[in-house]
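> Take the sequences, apply the hints, and build the full model.
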Amino acid sequence: MTAEGAAFIGKLQAALMPDVLECFSDWPEENLDTFADQIRIFRTWLEENRV
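Start counting the sequence shown at 15; every next residue gets the next number (the working numbering).
A portion of the hints provided could be inaccurate.
Here are the in silico distance ranges between beta carbons for each label pair [stated by the list, open to error]:
(1) A20 with W59: 21 to 31 Å
(2) N45 with A17: 27 to 37 Å
(3) M15 with F49: 20 to 30 Å
(4) R54 with L30: 30 to 40 Å
(5) M15 with W59: 18 to 28 Å
(6) F56 with M15: 15 to 25 Å
Bear in mind the hints are in silico, worked out from the structure with no lab data behind them.
Cβ coordinates follow ideal geometry from the N, Cα and C atoms, glycine included.
Written out as structure tokens, the structure is:
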């Protein structure tokens with residue numbers, strides 16, 4: 015990823031974070047942890063199965 019791309023992703027994440035936090039604000043901590051684990055597994059699978 016280029017430096018410009020990384021900067022863009024950082025700005026995008028910062029802009030979206032308030033909405034993301036609002037979406038998950040009422041989830042129990044256990045559900046958030048499970049969801050985060052599943053996202054990490056999916057991310058790893060995507061990285062290992064690029065075409």
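> Would you mind marking each hint as holding or not holding in the structure?
Hints and how they fare:
Checked against the given bound of 21 to 31 Å, the beta carbons of A20 and W59, roughly 23 Å apart, stay inside it. One distance hint, 27 to 37 Å for the beta-carbon pair N45 and A17, holds here, with the actual separation near 36 Å. For the hinted restraint 20 to 30 Å between M15 and F49, the CB-CB distance of approximately 25 Å keeps it satisfied. Checked against the given bound of 30 to 40 Å, the beta carbons of R54 and L30, roughly 19 Å apart, lie outside it.
Taking the beta carbon of each, M15 and W59 are about 20 Å apart, inside 18 to 28 Å as hinted. For F56 and M15, the hinted distance range of 15 to 25 Å is satisfied, since their beta carbons lie about 19 Å from each other.
In this structure, only the earlier hint numbered 4 is contradicted, and the remaining ones agree with it.
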